[in-house]
Structure formats: structure tokens, C-alpha cells
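Read top to bottom, the protein sequences are chains H and P. Start counting the first sequence at 1; every next residue gets the next number (the working numbering). Start counting the second sequence at 1; every next residue gets the next number (the working numbering).
These aren't lab readings, by the way, just hints derived from the structure by calculation. Check each hint, because a few of them may be wrong.
Listed below are the simulated EDC-like cross-link pairs for lysine to aspartate or glutamate, each with C-alpha atoms no more than 20 Å apart in a straight line [as the list claims (entries may be wrong)]:
id : chain 1 : residue 1 : chain 2 : residue 2
1  : P       : Lys-124   : H       : Glu-116
2  : H       : Lys-124   : P       : Glu-116
3  : H       : Lys-124   : P       : Glu-119
Stretch by stretch, here's where chain H covers chain P in the computed footprint (C-beta under 8 Å, at least three residues) [as the list claims (entries may be wrong)]:
id : stretch
4  : 97-105
5  : 178-185
We treat Cβ as the ideally placed atom computed from N, Cα and C, and that holds for glycine.
There are 2 protein chains.
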Amino acid sequence: MTHTVEVTRGGVVESRHIVHVAVAHADRGLIASCGDAQHVSFVRSAIKMFQALPLAEDGVIAGLSLTSEEVALCTASHNAEPFHVAAARSILTKAGATEDALACGPHPPMYAAAAEALEHSGVKPGRIHNNCSGKHAGMLALARHHGWRIGSYHHIDHPVQQRVLATVCSWSGIERSAVGLAVDGCGLPTFALPLDRAALACARLAAAALRDAPAATIVRAMTAHPEFIAGTGRLCTELMRTAGGRIFAKVGAEGYYCAGVPEQGLGIALKVEDGARRASEPALLAVLHELSVLSTSDLERLRVFARPVVTNTREETVGDVRARLTLASP
Amino acid sequence: MTHTVEVTRGGVVESRHIVHVAVAHADRGLIASCGDAQHVSFVRSAIKMFQALPLAEDGVIAGLSLTSEEVALCTASHNAEPFHVAAARSILTKAGATEDALACGPHPPMYAAAAEALEHSGVKPGRIHNNCSGKHAGMLALARHHGWRIGSYHHIDHPVQQRVLATVCSWSGIERSAVGLAVDGCGLPTFALPLDRAALACARLAAAALRDAPAATIVRAMTAHPEFIAGTGRLCTELMRTAGGRIFAKVGAEGYYCAGVPEQGLGIALKVEDGARRASEPALLAVLHELSVLSTSDLERLRVFARPVVTNTREETVGDVRARLTLASP
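For reference, chain H alone in the conformation it holds in the complex (with noise of 0.2 Å):
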């Protein structure tokens, strides 16, 4: 098979990851997959571009003064660095919310140097350190916004969960009868999409940040501030820092990944069967050096996420991880 990764252990392979791949373009579709183009899943947060769009879309950013940050935040899955936390809390006090407000439940900072600090300062995790508290946060901007309520702004019901279902239906082509509803680890509604829907999704907005303000007021964001996406030690963070505004790329839950490529009007959506991260960090950069998107210099750049190695408790190194995967035409 030409859709898996590899997990090696003194050269002999240990485990092994499916991975599903659709690349799509603009204004051709599918143009490039590997594994099955149509396998569906869920989106995770690997859309939160589209969870956030509205925001631009509706006037809320400029309404609110929110910064390019802070918009960034709205798209991310943070660390909880003191600059996510900080950023998050901002938006509230520009919604005029509160933490208590936030839907997500708490969890300890998933940069561990962060949730030390917490954890040393006696002050126990919150919603706030949720690495979703900046979409959150933008979610009651938007509902505050609008006037609508902020009670149950998580419920697929209410006025902002139809808001975000509607743009991703919109950009990526989709019926919402054919959307798959499910409830996400923050508590949010998550949406199951064959992969080249969402790849298409991602290759329209990345065309569109060309052109269309509220679009590229999202992806701008993203792309000048990767540390906001995601934070120290993260792919997101280190992928858009590579490639220098070329690209913005956005990691979901249970192996998923979206990527834009503005100038190439290219989308890209990788679900890693089984749901490993381990395999879908080398699996996108893989995709993006087969599209020559990312050099192999970059690649080298990024070597710690393109092909990690397997350490032990010793700290010896025993073994790596490597993609396997080349696209085909449709």
C-alpha cells in the first residue's frame, strides 16, 4: 500500500498507519489522493478556519476591535501559553463575557511547561486553558454580536452552531443532510464530510484569501501569527513558520489534518484511519513535499515532525516514523 506510515523498531516495522488523502483544487476538485478521497469522518478541529469565518464575514472582528491575534485564536488549537490565555481572555472582555460563559470543559494546558506553571501556581486548570477557549471565545463574540443568546451557544441549535454549519456546508459543497452530527471533545457540534469535501472546502478559502476580504482576514491571521494556532513545539506553529505565509494548516483530533495553499489554490484533508497523530504530522508533510509545496529543505527544517524517531526510557533512539504515501490522479 502507498497510504500508510510506518513505525519502526530496529528497522523492522512495528505498527502501521492507514492514511486517507484527498487534495483538492479551487476550481478543478479533486486532483490528487491516496487511500480512499471520499473515506468520511469527522472534521474535528481541523476546520476551526470555518468555525471562525463568520466572525469575519458578519462584521464581528472589526465591530469588536478583536486584533489579528486574536482572530488567530479563534482558529486554534492552543497550548495555553500565557499569550493564548491572555488572548483568550481578551476576547471575552470584548464580548463582554466571562469564563464561566465558555462551554468547553477544563483541561490542563496541553504544553507541559504551561501546565507546570498551573500546576506550581496552585491555581487548577479551567475552561480557559481548554485549546479550544479561543474558538469559544469567538463563538460569543459572534453570538453577542448579533444579539442573540449566550446561553447553550454549543447546541447545534442555536443560532451560531447554524451560522458555522451553514458556512461549512457552503464552502465545501455539502447538503447539511449529508453532514454526520456528532458532539466534539469541547462540547461543540463536530461535522462528518467525505475527506475531498473538505479538501475542497479548504482549496476554496485558500483561493479566496487571494481575493475576498473576510477570507483572507482568516487566513492572514493564521499565517502571520503561527504561535497563536497552536504554540511551542506544535507542527501547525513550526509548518506555517516554514513555509512563511504559503501555507496555513490547521490539526484536528483522532489523526485529522486541513492545509490551504493560497497562491496554488489548494486544499488538502488527511485522516489517519485509525485516529494516530503520530501518523498524521509525517503523512501531511509527505503530501505537501509530493506537491512541492514544501522543499526538501523545508522537509528538513521539519524533520522532527517528518519523520520523528522512537526513543526509550534509556533516551536511547530504537526506531522511527515514516510516510509512505504517493498521491494519484483521480
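Fit chain P to the known structure of chain H by using the hints.
Relative to the frame of chain H, chain P by itself:
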């Protein structure tokens, strides 16, 4: 496919794991399987009973007066709860060795409450807290007993590891030259075998436990002291408690599981192709149920492992994990 474990969200399959299973009878060899019964992978900690068997066969247990609990710990991937750590220290004392002699690297106790207690006490995790410290202490005891050098006991060319490799080859009926070698998480050699060979070794050990004193010593230590094999909240422990001596079971890293059923002379080896433990546990229980080794009420008692729920940061149940396995005769 009838050899998968599905992870659902809102009733939709979000992720899917492929599982390979081999079931062997001590005399008749492979009797049932799903997926690829000859799938080759590293057995990791799932064959610790064979790494401990020389202690019984060579008279180390009698010679050093190891207790049955201490023998159990030599086959364990333990939680580093206080009783595990005390038993590991006792083995070391009987072997005339110190914690510094352990070749395994340090890691925090696997059991969260034990890790927290250690951190609050201001003690850094040591080698003794490594989940493999009992196995390593047992190997030091084996080296002492034979008068072999203590240093480098974890290297493949040391007599301890040659003794272990010979044991694994003998019980699984495989030539040494056919065994793939690599370094395990704790620094010891680990072995790549076809699944049906690992299952056969377990079947033979299961059958031998009814008649052969060394095999009985190891298997009875495991089934009599299941809390020493893993610990609080762990499947190996809860499964052996539920089975009341009918089953021995041992988890390994990267989605491996081995088990044996002495009364039936059966051995089971399974590997989740992508290495996910969340799939290996429901898969093992499904196989034991299909073999009628576990009853439906046993499975119900083990439901938290057999069909675990997926929760989110709001502590809502948003999905579950389900084994979809059907065994077939070879």
C-alpha cells in the same frame, strides 16, 4: 472486515483499528484466527512470562526464596503502586543488587495517583518506578544465581538475554535466525515473531502449567496475584481477577496482547496493526468471549474495558469503542 475495532462518535464510526489474532492449541497448533495469523511484530512486554520462566527453570526462585508475589512482579508491567515498588526492592535485595544496577530508564508511575503521590513527596521517578522494574530485578537475580556478570545484562549478547531468547524460541518453536531483534522501551532486547508462534508459545505454557513445575510456578504466580501483574484499573489485573485462575494475560506495548487458558491448552496472541492499546483491550475480551472462555456476564463485569466509552472535556459520553471480530478456522 471482521477484524476491526471501531471508535464511534454520535453513532458514526470515527476511527477504525485493524486487529490480527491467532489462537493456538498446545498440541494442534493454530485453531482459529482473524486478520493475518502470521503477522510479524514485536512481542514487547506481552511475553514477560517467558522472560521470567528461567527463574523457575533454573532454581532461582527457590535459591533466593522469592515469594509468589515477587515472581508475579517479574512478569509484570506494573503501575509502580507502593506494593509494586516494595516487591521490586525486595527482589533486588535478595539478588544482592541495588537500584543503580537496573538497566531500565526512569519514568513516572503508570498509575496516576502513584505518580502524584511521588511528585508530592518530592522524589523524582527512578528506575524502580519503571513498569518493567520487576522483570529487570528478576534478570539481575538470574545473573547472580548463575554467577554471570551483572553489568550489561540487558545486552543481547549477555547470557541472561541469550537464556531468554532460547526460552522464547523453544516455546514458540521458531529458529533463532528467524527472530527479529530490536530494543524495547526498557532497554532489553525484544523479539519479532509471527503471531501464531507467540500464540503457540502461550498455548504450550498454558498446557504445561497443569503438569510442569516451572511453568506452573510462573502461571500460578500471575493468576494468584493479578494485582502484581499490572495494578489498579488495569485490564490484566481485572481480567485475571474475573477469570479466577482460568486465564493468564499480559499486555504489551504497541497494541500487543498475549493470554493463555490452561484448562483448554489454549494460547492467544493479538496485535493491533497501528499499535493502539485502546483497541487491543476490547479485542482481547471479544476473542475470549467468542472462545467461550469469558461468559457474557464476565464481559459485563469488564465492560469498562470491553466497550469503553469516549468522553469529552465536559465529561459527556460522546461515543464508544467496539470490537468487530469474528474468528475463523485456518
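To see whether the hints hold, each was checked on the structure:
The suggested pairing of Lys-124 (chain P) with Glu-116 (chain H) holds, with an alpha-carbon distance near 15 Å, which does not exceed 20 Å. A threshold of 20 Å between alpha carbons decides the hint, and for Lys-124 (chain H) with Glu-116 (chain P) the separation of about 15 Å falls inside it, so the pair holds. A C-alpha spacing of about 17 Å is found between Lys-124 (chain H) and Glu-119 (chain P), which places the hinted pair at or below 20 Å, so the restraint holds. Under the rule that three or more residues need a Cβ within less than 8 Å of chain H, the assignment of the stretch 97-105 of chain P holds, with 3 such residues.
Coverage of the stretch 178-185 of chain P by chain H holds. Counting CB-CB distances below 8 Å, 6 residues qualify, and the rule asks for three or more.
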